[in-house]
Every structure is written in structure tokens, then in C-alpha cells.
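**Student:** The listed protein sequences correspond, in order, to chains A and B. The numbers in full-length UniProt numbering rise by one with no breaks, and the one at position 275 of the first sequence is 275. The numbers in full-length UniProt numbering rise by one with no breaks, and the one at position 107 of the second sequence is 107.
Some hints could be false.
[Unchecked claim] In silico DSSO-like cross-links for lysine-lysine, where the CA-CA straight-line distance does not exceed 27 Å:
#	chain 1	residue 1	chain 2	residue 2
1	A	K218	B	K295
2	B	K165	B	K125
3	B	K113	B	K58
4	A	K218	B	K109
5	A	K47	B	K113
6	A	K218	B	K58
7	B	K326	B	K57
8	B	K57	B	K125
9	B	K165	A	K218
10	B	K57	B	K113
11	B	K58	B	K125
12	A	K47	B	K326
Hints were generated in silico from the structure; no laboratory data involved.
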Amino acid sequence: MSFWRNQLSGPTDPVADAAWEAPPPRKGFFTDTSICIGCKACEVACKEWNAIPEDGLSLLGTSYDNTGSLGASTWRHVAFIEQSGERIAQARESGRRLVDLGMPAVGLPDTAPAPALAGSNGHGAAGPGAMTDGDAVALASEAAAAGTVPDFRWLMSSDVCKHCTHAACLDVCPTGALFRTEFGTVVVQDDVCNGCGYCVAACPFGVIERRDGDATVKNSGIAQKCTLCYDRLGAGQTPACAQACPTTSIRFGDLDELREVAQQRVDTLHANGYTEARLYGADPTDGVGGTGSVFLLLDEPEVYGLPPDPKVTTADLPDMFRKAGIAGLTMLGMAAAAFLGRRR
Amino acid sequence: MTTNPLDADRPPELPRSGRRGGGGDVRRRRRDESIMVPDAEFQSYYGHQVVKPAPWKKEIPSYLFLGGVAAGSALIGAGGAAAGLSSLRRIGRVTAVGAAALGGAALAKDLGKPSRALNMMRTVKLTSPMSVGSWILTAFSGFAGTALAAEVGRSVLDRDSFLAKLLRVVEPPATVGSALFAPPLAAYTAVLLSDTASPTWHESYRELPFVFVSSANAAASGLALLAAPTAENGPARKLAAVSAAAEVVAFERMQRTLGPTLSAPLHEGRAGALLRVSKLLTVGGAVGAVLFGHKRTGAALSGLALLAGSACTRFGVFEAGIESAKDPRQTVEPQKQRLEGRRAAGASGGSITTSRSTDMPALQGGST
Ligand code: SF4
Ligand code: SF4
Numbered sequence: 001m002s003f004w005r006n007q008l009s010g011p012t013d014p015v016a017d018a019a020w021e022a023p024p025p026r027k028g029f030f031t032d033t034s035i036c037i038g039c040k041a042c043e044v045a046c047k048e049w050n051a052i053p054e055d056g057l058s059l060l061g062t063s064y065d066n067t068g069s070l071g072a073s074t075w076r077h078v079a080f081i082e083q084s085g086e087r088i089a090q091a092r093e094s095g096r097r098l099v100d101l102g103m104p105a106v107g108l109p110d111t112a113p114a115p116a117l118a119g120s121n122g123h124g125a126a127g128p129g130a131m132t133d134g135d136a137v138a139l140a141s142e143a144a145a146a147g148t149v150p151d152f153r154w155l156m157s158s159d160v161c162k163h164c165t166h167a168a169c170l171d172v173c174p175t176g177a178l179f180r181t182e183f184g185t186v187v188v189q190d191d192v193c194n195g196c197g198y199c200v201a202a203c204p205f206g207v208i209e210r211r212d213g214d215a216t217v218k219n220s221g222i223a224q225k226c227t228l229c230y231d232r233l234g235a236g237q238t239p240a241c242a243q244a245c246p247t248t249s250i251r252f253g254d255l256d257e258l259r260e261v262a263q264q265r266v267d268t269l270h271a272n273g274y275t276e277a278r279l280y281g282a283d284p285t286d287g288v289g290g291t292g293s294v295f296l297l298l299d300e301p302e303v304y305g306l307p308p309d310p311k312v313t314t315a316d317l318p319d320m321f322r323k324a325g326i327a328g329l330t331m332l333g334m335a336a337a338a339f340l341g342r343r344r
Numbered sequence: 001m002t003t004n005p006l007d008a009d010r011p012p013e014l015p016r017s018g019r020r021g022g023g024g025d026v027r028r029r030r031r032d033e034s035i036m037v038p039d040a041e042f043q044s045y046y047g048h049q050v051v052k053p054a055p056w057k058k059e060i061p062s063y064l065f066l067g068g069v070a071a072g073s074a075l076i077g078a079g080g081a082a083a084g085l086s087s088l089r090r091i092g093r094v095t096a097v098g099a100a101a102l103g104g105a106a107l108a109k110d111l112g113k114p115s116r117a118l119n120m121m122r123t124v125k126l127t128s129p130m131s132v133g134s135w136i137l138t139a140f141s142g143f144a145g146t147a148l149a150a151e152v153g154r155s156v157l158d159r160d161s162f163l164a165k166l167l168r169v170v171e172p173p174a175t176v177g178s179a180l181f182a183p184p185l186a187a188y189t190a191v192l193l194s195d196t197a198s199p200t201w202h203e204s205y206r207e208l209p210f211v212f213v214s215s216a217n218a219a220a221s222g223l224a225l226l227a228a229p230t231a232e233n234g235p236a237r238k239l240a241a242v243s244a245a246a247e248v249v250a251f252e253r254m255q256r257t258l259g260p261t262l263s264a265p266l267h268e269g270r271a272g273a274l275l276r277v278s279k280l281l282t283v284g285g286a287v288g289a290v291l292f293g294h295k296r297t298g299a300a301l302s303g304l305a306l307l308a309g310s311a312c313t314r315f316g317v318f319e320a321g322i323e324s325a326k327d328p329r330q331t332v333e334p335q336k337q338r339l340e341g342r343r344a345a346g347a348s349g350g351s352i353t354t355s356r357s358t359d360m361p362a363l364q365g366g367s368t
């Protein structure tokens with residue numbers, strides 16, 4: 001049972017657990033939403049490279065998001081959230097509290113909040129080319145001194161499969177269609193999956209989905225999701241989305257390094273007064289053992305449609321089987337009792 | 001959720017606790033001051049679901065029902081064989097195989113690629129209840145099928161023929177085998193549902209197996225009541241009474257453990273209606289079986305009620321899980337409460353959201 005527990009939850013090296021010999025370093029994404037400009041180049045590049053069929057061309061009325069959500073035919077999804085000043089102040093406050101919770105030893109300043117990231121703050125939502133780092137820091141400090149909070153901001157975030165350390169989709173797949181690659185990513189084998197749909201219900205992030213459509217649709221009836229461009233990785237290339245991203249909001253690389261980069265980035269943002277910045281998926285002790293796709297967010301995860309405290313469902317599996325075993329014995333007992341006490 | 005004591009149902013006399021006592025939708029809620037995060041407003045991305053519901057259609061709850069009927073019938077068949085009740089033995093064996101075959105067909109039909117149904121047998125995977133279940137169903141079908149062959153052999157074969165002799169030899173082990181694989185067949189379907197991210201299914205994992213095995217026994221006893229002569233239906237009547245009582249108790253406990261938020265899908269909408277009807281039919285069928293089971297009409301009507309009750313239980317639980325996955329509140333609220341509970345208890349690790357590094361120097365502007 002303890003062997004099971006290590007396999008089912010907690011920090012671990014999934015590539016070693018999958019018995020790869022001499023694997024390359026684990027690969028992943030770092031998606032820094034604070035510099036995303038919402039251009040959707042990642043969505044398009046992903047669709048192009050992976051030859052994903054069209055899945056709806058409607059206007060959804062959800063800001064600039066007409067994609068909706070991740071799914072069988074959407075492997076990168078850019079979320080757009082419009083927020084008022086009140087909500088920005090709340091995000092800043094919740095980020096500050098996160099620091100308090102994690103590091104009770106370090107005090108926090110009383111200073112007024114800096115302008116919001118990723119949004120209009122009176123200086124325009126300029127891309128990285130328009131403003132140097134020095135300018136941005138100066139602006140932030142200035143606004144912090146003046147105590148201003150912008151009255152509006154746009155959050156943009158390119159979501160993707162998390163390539164979980166403990167991937168529920170992979171754990172529950174009955175056919176072995178989902179597997180752990182040598183890069184530590186989670187990939188569906190299109191020629192093995194029989195479309196049972198179990199992975200769809202198991203993913204704690206709502207990522208993987210069974211593709212609808214008749215026989216003319218590629219891979220219809222089969223579970224589909226981001227492969228972290230397994231084909232490109234094998235050829236030493238960068239995944240299409242990271243390659244296409246004009247702002248380096250999506251970074252690809254060795255997961256160890258990306259976690260460090262992400263940590264530095266959140267430190268910098270905090271130093272500049274942006275306490276709303278936080279990381280998502282960088283902690284290997286979390287409910288899914290850390291994710292292969294790390295995100296820097298500027299508000300609570302659920303604002304972006306991400307679960308605030310996901311837990312891989314199979315972490316409870318030993319207990320589930322135990323309960324089922326007792327229930328099975330109960331069933332046997334009920335039937336035996338019905339026949340034994342029969343003469344009366 | 002049981003991770004946070006604050007999540008428990010509150011007695012109404014607590015002033016202004018702001019917790020609801022039962023079902024219904026809660027738009028906003030006031031929180032206890034002991035909870036550290038005051039952010040009380042529920043946030044979501046345009047109300048979208050966070051997790052995805054299983055893409056399963058009515059075939060899957062049908063299978064839950066049929067698998068239960070098959071398992072319970074195998075036990076009745078084995079019991080009949082052991083107790084020398086030939087009608088129960090015969091009925092049990094026939095329905096065990098019939099229901100398992102129909103159930104298996106339903107499973108294959110629900111696949112995205114039915115032509116690849118046999119890929120289920122490609123591997124044995126203990127972390128996948130569906131893989132484990134496929135093997136359980138296969139083993140069960142093998143034993144139950146052999147037992148049925150022996151049953152048929154009794155009536156159609158010449159007693160001295162080789163085949164008849166062979167069947168007499170394999171009959172006892174086949175009967176025992178089908179009885180041993182029956183409980184796993186009835187119980188694993190609960191694990192199948194619970195081992196998902198659908199909040200109501202997952203959090204009911206402690207009691208759902210008990211609900212499902214009881215429901216399986218009730219359905220099978222219903223079928224036996226319907227088909228067996230009243231002179232031999234005594235064990236079925238008793239089984240009906242015991243399993244209906246067990247199902248009601250397990251279901252109540254399940255709702256209590258789930259708490260108000262996660263049990264809401266069990267009493268709202270179509271799932272709620274199905275489960276209310278299920279309770280009426282199951283209890284009514286069991287009472288009828290005990291009181292009127294010695295009469296033909298009484299036995300038949302009670303049997304029908306028990307069968308229908310079991311089907312409603314399966315469809316109701318199925319539907320409730322799908323609904324809970326579609327509702328972002330079902331996913332987010334219990335997780336936030338779990339998170340807040342951990343934080344209130346002083347745990348700093350274990351959260352997917354982290355902040356700046358601890359060794360970072362304090363910000364400019366001094367400290368509080
Ligand atoms: S995010 Fe979902 S689909 Fe992606 S690896 Fe994790 S469990 Fe699987
Ligand atoms: S749908 Fe395919 S990938 Fe998903 S669990 Fe079933 S067989 Fe595995």
C-alpha cells in the first residue's frame with residue numbers, strides 16, 4: 001500500500017516511475033499571464049501544427065474569448081477577464097495574504113497598491129516592446145506612492161493541459177492509451193484509445209475531452225488533448241505555441257529551470273508592488289504532485305476557471321477499493337443470511 | 001466534505017451563521033470570522049464548469065443497473081443451488097448471464113470507438129477501476145456462463161453422456177466462482193464513479209459501494225420474486241427486506257457525509273426526482289415482499305417495484321454526478337473550504353497556489 005501511495009500522490013519523478021531509462025530532463029511550460037497580450041497566436045499555432053479540426057465559430061459574448069474552454073479540439077485556450085478596480089484591489093489583497101500564509105516571518109509594507117498588471121492603468125496596456133523594465137518599475141513605484149488602483153484591467157491567460165505529475169487521466173485510462181513520455185508529459189495514443197471517456201471525468205482541470213463528430217472528423221470518438229508537441233520535442237523543437245508566442249508569455253524548457261524562472265518572476269513582481277502575482281502548479285507537494293505547466297496568475301485561480309485546490313482523484317483509490325471490499329463482503333453476508341435463515 | 005469542520009451542517013439556532021440547512025442555491029454567504037480568507041463571493045470563469053462531466057450516455061447507468069442485477073442473481077442462483085431450491089437456482093443463473101451480457105453490450109455501445117472494445121483487455125491496470133472492472137466482468141461471465149451451461153445441460157443432455165458428466169464436474173466450482181465474483185461486480189461500479197473529479201461522485205466514495213451492493217441485491221431479489229413460484233421465494237423476500245433497509249441507511253449516511261453543498265445534486269432536478277421515486281419503490285417493494293410475497297400478485301408487484309427502484313437509484317446517482325461536474329460551484333467551493341481549512345490549521349505546503357520565495361527581502365516601505 002505504501003508503494004501505491006508514492007505512486008498515487010506526493011512529490012515524485014513521474015518519468016522514473018514510468019520506468020524510462022536515462023530520460024532527458026522533464027519538460028514543461030511556464031505561462032506568465034502578466035505579459036500575455038491576448039493575441040491568440042498560441043491557439044492558432046496549436047491548431048495548425050496539430051491539424052485540429054474546427055470546433056465552433058460563434059461569438060460567445062465573453063470578452064474577447066470566443067473559444068470557450070479547453071477541449072478535444074482546443075488545446076490552448078486564451079481566457080479574457082475584465083475586472084473593475086474593486087476586484088483588482090481584492091486580487092492584490094488575496095495575493096498579499098498568500099504571502100502572509102506562506103511566510104509568517106517576513107513583514108509586509110503598508111504602502112498603497114501599485115497599478116494593476118496586464119491592464120490599462122492610465123499609461124495604456126503597452127506590450128513589452130513599448131516600455132523598458134526600468135520604466136515599468138518606475139511607473140509601478142510611482143503609482144504605489146500615489147496609492148492608485150486602476151479602475152479596470154484585462155486579464156489574459158493561455159491555458160493548457162497541466163501535464164500533471166500525478167495525472168488522473170493517465171491513472172484511470174483502462175486501455176493504456178494515455179502514457180507518460182520520456183519528457184514527463186502525458187500523451188494519448190490515438191490508435192489505442194477506444195473512447196471510453198473515463199479520462200474526461202477524471203481530469204481535475206477539465207482538460208481532456210472525447211472528440212465529437214462522424215467518421216469524417218479526424219480522431220472522432222477518441223480522447224484528445226495537448227501532447228506538449230510530442231512530435232516536435234522528439235525532433236528537438238519547441239512546441240508550436242511557445243514558438244509562436246510573441247511576448248514570451250509561454251516559455252518552454254526544462255521544468256526545473258522553469259520553476260526557478262517562475263519563482264524569480266513572482267519575486268520581482270512582488271518587489272515592484274504587484275502582490276496580486278502568484279504561481280500556480282509550482283509546488284510538488286500539491287494535490288497533483290505539481291504540474292508540468294506552471295502558470296503565473298494575477299488573481300485567484302477560479303477567476304481563470306482553474307480549480308483552487310485540485311487533488312488527483314486516484315489519491316483516494318486505495319481507500320475506495322477498501323470500502324468497496326467491505327461492501328462486497330456485506331453483500332455476500334446479506335445473501336447468505338437470506339438463505340440460511342430460510343426455514344421458519 | 002469532511003476536511004473542514006466549519007463545513008458541517010449548522011444547527012439553526014446558531015445566530016447568523018449564514019449556512020443553509022438543506023438544499024437550494026446559495027448565492028452569497030457570510031463566513032465565520034475564524035476563517036481567514038474573507039473573500040466570500042463565489043468566482044468563476046463566466047460560470048463555466050471547471051471539470052468536465054463524463055461523456056457517458058444512458059448506457060452507463062443501464063449497465064450499473066444490469067451489472068447489479070447480474071451480481072445479485074448469481075448469488076441467488078448459488079444460494080438456490082446450495083439450499084436445493086431449484087427454481088431460484090435456475091432463475092438466478094439465467095438472469096446472471098442475461099443481465100451481464102446486456103450490460104456488456106451497453107458498455108461497448110457507449111464507447112467512442114465501439115470497434116475497439118477489446119482494447120479493454122489490452123492491459124491490467126490496478127489504478128483504473130474500469131480496467132479492474134472489465135476483468136471482473138470477464139471472470140464473472142466465464143463462471144456464470146459455465147454455471148448456466150450446466151443448468152441447461154441438466155435438462156437437455158442425456159445424463160450419461162460425456163458432456164453431461166463434464167458439466168456436473170464443473171458445475172460446483174463455476175457456481176462458487178460466480179458467487180465470489182458477484183460482490184466485486186456489484187461494488188466496483190461505485191469505485192468507477194467515485195474515481196473521477198465529479199465532486200458528488202468522488203466525495204461519496206465511502207458509502208456509494210454500500211448503496212450499490214444493496215441496490216444490486218434488491219434488484220435481483222425483485223427479479224426472483226417476479227419469476228419464482230411463491231413456495232420457493234422465501235429467501236428472495238428476506239433478501240429484499242434486508243437490502244432495501246441497507247440501501248436506505250447507506251444512502252442517508254452518504255448524504256450526511258457529503259454535506260449540504262455536495263449532496264444538493266442528489267435532491268435537485270431530475271436526479272432528485274429519480275432518487276425520491278427510488279426510495280418509495282424500494283421501501284414499498286420490500287414491505288410488499290414481506291407482507292404479500294406469499295401471494296403471486298403480491299410477489300410480482302413487489303418484485304417489479306424493487307427492480308424499478310434499483311434502476312432509479314442508478315440513474316439518479318449517475319445524473320447527480322454529471323450535474324455536480326457541470327456546476328463550477330460544486331468544484332470550487334469545497335476546494336476553497338478545504339484550502340482554507342488547511343491554512344487555518346497552519347499548513348503552508350500542499351497548495352497549488354504559491355507566492356514569492358520565503359527568503360526574499362522585505363519590500364520597500366518597511367514592515368507592519
Ligand atoms: S491536466 Fe488533466 S488531461 Fe492534463 S495531465 Fe493533468 S489530468 Fe491529464
Ligand atoms: S477515452 Fe481513451 S485515453 Fe481516455 S481513458 Fe478511455 S481509453 Fe484511455
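**Student:** Give me the numbers of the hints this structure contradicts, sorted from smallest to largest.
**Tutor:** Per hint list: 1, 2 and 9 violated.
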